[in-house]
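Asks: Each chain, written out:
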Amino acid sequence: MKFKSLAIFLIISSFFLTCILSIWKIMATLQGLSFTNLNVIPIFLIGILLSLAFVLIGNKINHLIKIFSLSFIFSFLYFYLNEASPYWYILGVFLITLFFTNKLKKYSIQSLKEDFISEKIIFDFITLFGIIFFAFVILFPFYIMLVTSFKTQIALLVNPLDFSLDFTKSLAELFKSYFVIFETYNFGRYILISSAVSIGTVIVTLLFAIPAAYAVARLNFFGKNFLSTSILIIYMFPAIVLVIPLYTVFSQLGLRNSIFGLLIVYTATTLPVAIYMLQGYFKSIPKEIEDAGIMDGQNWFGIILKIIIPLSLPAIASVALYVFMIAWNEFLFSLMFLDSPKSFTLSRAIQYLSGDAETPRQYLMAGSVIVTLPVLFIFIYFEKYLVSGLTAGSVKE
Amino acid sequence: MSDSLSKLEKRTAYTLVLPAVLLVFAIVLFPIFANVWISFKDIELKDIRIPEPRAKKIVKSISENQSELKIIYKLRNSSLIQEIRNVQFQDKFPTNVSPINLDPRCNFQSKKIVCNFGNWQAKYRENFEITVVNNKGEIIDKKIIKSQKPILSGKADNPLLTTNFTLENFKKVFYENNFVELLLTTFYFTFFGTVGAIIFGILAAQLVNQNIQGRTYMRGILLFPYVGPVVALAYTWTLLLDPNSGTLNALLVNFNVIEQPINLLGQKYITMSIFGFEFKLRLALTTVIFFEIWRYFPLAFLFILARLQAIPQSLYEAAEVDGASPIQKFIHITLPQITAIISILFMIRFIWNFNKFEDIFLLTGGASGTRTLPINVYQQGFAVSDIGMGSAVSIVIVMLLLSFMIIYFRLIGKRANEV
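For the protein sequence lines, the chains are A and B, in the order given. Each step along the first sequence adds one to the number in the numbering used here, with nothing skipped, and position 293 is 293. Each step along the second sequence adds one to the number in the numbering used here, with nothing skipped, and position 388 is 1388.
Rather than coming from a laboratory, the hints here were simulated on the basis of the structure. Every residue, glycine too, gets a C-beta built ideally from N, C-alpha and C. Among these hints, one or two may not hold up.
[Said to hold, decoys possible] Partial selection, computed: residues in chain B whose CB lies under 10 Å from chain A:
id, residue
1, Asn1107
2, Thr1247
3, Ile1351
One chain only, chain B, in its complex shape (with noise of 0.2 Å):
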């Protein structure tokens, strides 16, 4: 009886979960497993379209005989790559219209033409010409012929499916693409995009959690940039920060911060030097982590928020009656409170840094030494249109990431287990 009643759980589970789980496996888990696969493939954007045979049909008269017409059809290959075997075509005339001096390659039966057009290798072309005439003399209409679309198929090998492999790709990964300099970019602005968010996130949290008028509203404000949508956030900054006409550099130069405007997004170094020492700062790439700890500050904030209002205020009033200085209180009774949210979100923040894409697109689109490996990604797939290099990059990414997932579940494991 509960063996049976537990089955029928079973179905039902299964029939609930299964939706769910087939479009995340085909959306997500499928794409990830077809990078393996075209990144060891030799293709580029324009191959990815199945070949497919394509005519264009054009009706002409010839001299005054309205009973009588020419019919051109532009054949051709669309692929430049590949040829498509066995190509059939089908085209239908209105009744009592019949073709002269038929094309061998082709049969008229009960108004309908078939042709078989054999093999037809890649950039194939041809002009294909029928004349056709009115059995009873009457006038064709030129319109109704061309409202009829001839039918073409064929067959040829999807360009993804072939398997023909190579490692050219990953040979260009490591050794043409300045490999170590991309991944220490994409460190610099993870790490730093990372921190940052929590050294303000902490510093925010600790602000709204005093007793302020407006902390609601303040809570709120304090989530605009990560409510909002990337793309106007995005080019917002790059508008103020433009060092034509951009408000920043208008005020610096106005107040006599600066003399000349400087390309906050254009340039890769700024020359600095600070008690004699003179050195080099990746200018767009630290504007870029700054804009990206404006945007993810708040979900750090958030976090150490609800945390910080989980601390019993009995702690607090027990120092104070200790004698604690508020420096003494926020060492040794907030901190050692917030260390474990910390340590999640740096995790968390730091393998999504990791992947952040849209707002370096946006603001420099990889340029001025802001060149990650998402940025990577598109840029190998799809400005230079390589798609297997692409896959190629996307898959460091995700070794990469399962590295650090293997860190993370080790570290969360042990914090698990103190706790």
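Bound conformation, chain A alone (with noise of 0.2 Å):
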């Protein structure tokens, strides 16, 4: 039983070192590092070694010293395995196998004898390598997105694997391709009209949806109950079977290629979605508030006005928040409505860029940059906001 456990333990824990030692190497790689092998197996008979000494070794010596030294020993030998390599790239073995030494604490020859621990080792070493997948297979093209609009067309088709930035440039030099889609592409314009797109939709979807949302938390009126299970059903309903009424509609408008049209579209789909986030929360307003408002001789206006929307700001705001997101990424509708460069929105000049053959990657992907980093900045400044947005949105998204 306990070698049964022991043998678990060894196996999967050097399985996990082996495989953040080759997430690192293939991060070192595109570094321009020129690495050939990953070298899986002699890691991961050191890897097994290495564990078989931390449980061996056990509480003899200080924590601290054991892991270090284990770690030492540890990258010496992985130096001497793999190619040649350099020193950072080392540093980063030593410092991956101290983090991986700190994890193994909990484990010791007496603690193998508990019961399941066999299971309870797979669930740790699964959560831990879980969390570093899941975190390396998301950022990756984000990372790749990044650097991409650093470099050159040249450089990489030269070698497509390097992806070092070279600081000794000038800034400008670095980041020439935003320099160029700015003044070449015009993408100041298109930030311009992305963001009155979105900031435009927002405030008219709020308009709309505050009166709205009011009326079906608070008041009785025939076919209440048919508009608020309809706002769910309209809200399954797909952009892409309303394109084409609504592009013959809007060419014989002349609505096409407007801003206008777009903030139209952007507004209807929107809103019911906004009405149901809002009525829930106004529904979760103590009542006798109002009342006091009705009171003091407010109509209807004044209420919404003066009690219903200072209580639910953040509810508002993350609507708004939700509804700028889905306004600045949206697509479909740019696609279809904007055929003249003077109208397009951010996603849809990109779009257009790429269209062309010709057009150099590094820009394609700083335009990227530029339409990404608005969002996630947002994102990860009102996270709380957003996401309870996203739970009640995109039940019905």
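Two chains, two separate frames, one set of hints: put the complex together.
Replies: Okay, here's the thing in structure tokens:
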């Protein structure tokens, strides 16, 4: 029993170490180091030795001294087994091993005798591995997007794996793609249009949604239930089935290629979810507060303006952020409605850029960074509001 | 008293709700019904403009005499297929300038020329000439003449509103459009995209729900693909997967995992052999499904995480006392608690993946076996520019969606009774 769990412990922990070191090696390869072999098997074997040494030593020496010395020995062995590599790479290996041995802290010969220890080991390491795996898989494309925008097409064709940034170059040289897309491709204008459309959509949506949500939440009227269920059903209908009729009607009305046309469509498509989110929140406001307002002789306009809105600012903020995000990221309608570069939004402009096979990829990626950064910043800064908006909104997305 | 109060309440409610309802009706509900109309019409993209009479004005001088000018109006019907009835033409001249030898269709009165051109057939073109003179023999300023734009008007049928209908579009959708393959591709994409997103969502939620450092950061990072703009993400992936100099292929070749770069987005099938069984995998479709999972598992993750955090810790403690293993805890405590949210997520994501357009369009444009129904709407309506056909495909989508929704609400209704 003990040997079985020891074996599982050694294999799983070493497998985990091998995985992180492989990811580290891949990242180093992308800095232009010419590794051609992941050396998985030797690393796996010395990883087993490392874990074995760790549990065998147990508590005999101080934990810190133990992990430092073990990591040092491991890095040394790694250095010998591996292809020639610079010192910063080996330093990374050392730090990873340090992190790894520190995670082994709770395992000892005694703890390996516990019930279900093998399952627990598997769960522990799968958790660790999973977090690193998910973080890597998610952040990797964003990383590639960012670094590609600082490279040149020629450099990437010569060595598609060298994403190292040359900081000896001047800033103007480094940010060249950004200067080019602003000067040659007019991205300043597209940023303005995108912002105008998104902010406009937020304002108009709120203007329409707050009164409607208040009525649905508070007032009794014929067709109320029908309205609240149809809100959900309407939101299920996809943009793609609206596109052809809207295109034809907008063509005849001259609303294509206009920011106003886009604004109407964005508002109408986000209204159902905005109403749904707001009315849920309005219902949670105690009715007594409003009654006091009615006593003071306020009409519904005064009640909404002076009582409901100030009390539901968090909900309004999350609706606003959610709508902003939808409008900023929207692509289908801007593809259909905008043909003239004069009225492009950022998303449409990037798609237009990519239509020309001659466009160097760093410009495309610089554009992508520009369209992504505002959303990510807003998301990181207002995560709390946005998450509540997303959870409410996307059930009906 | 209370009666009038409730009347007032109703009136207030309608004023508050009406603007939003009208807007949503105009932009969301109206097009769904308009699709039905258009899908029964034989109409192409170039036909949707209402025909209008157009004129281009050219001013030329005749000989040396600068008090005489020739004006040529290049008249045409903007439509290639429809006639315009009762075309009226109007132009103004400066004081003292008047036409000579005027066309019998026209009248000149108080500086204004008015013509009645009658009906113009489709593709109608005419060079209409007028010679004008200054009555006092002074020089006519060409620029002033040119800056005055003629006004034209005429009656034409709106090609969208005519009442000739046809069943051709639906025949084409079902018989000439590889409909079965289209449907199968859509279902593959939808089903595997949904299931994959939910599985990864459960895994990620299970991970983040444990006591690890940096849990809140992790939650934020996991949502990045979902909040990022689809255009930027799709192009980044196209770059990553590019067979010639894409990072992924370069890495795999570099570490000798594969010998030749694989065109992950441009190859329809790849032959794989597992345990001696050879089978063909829809390569491009699989790649697109993976992108879809990558982009939407965060949503499943968010919902499942919220549910996981609501499970009382005491359940796990009790199980611990009873000597349950981690796997038993997951199967007997966690899973039953999240089945409800998973089934809701499944239905919602299923419907939404079914409608997904942007992701596939940006990654492959519907090539290499990734043509789904929404992509087909775009291809028929805008690439082939057969609007009627595109609408017919839209109708098929709406019909399928409605049937999903009926199933969905049946199931949800049952579930609500159970709880």
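Asks: All the hints need checking, so say for each whether the structure fits it.
Replies: Going through the hints against the structure:
This hint is violated: B/Asn1107 has a C-beta 31 Å from the nearest C-beta of chain A, more than the 10 Å allowed. Restraint check, B/Thr1247 versus chain A: the minimum CB separation of about 6 Å is within 10 Å; hint holds. The interface hint given for B/Ile1351 holds, since its Cβ lies 6 Å from the closest Cβ of chain A, which is under the 10 Å cut-off.
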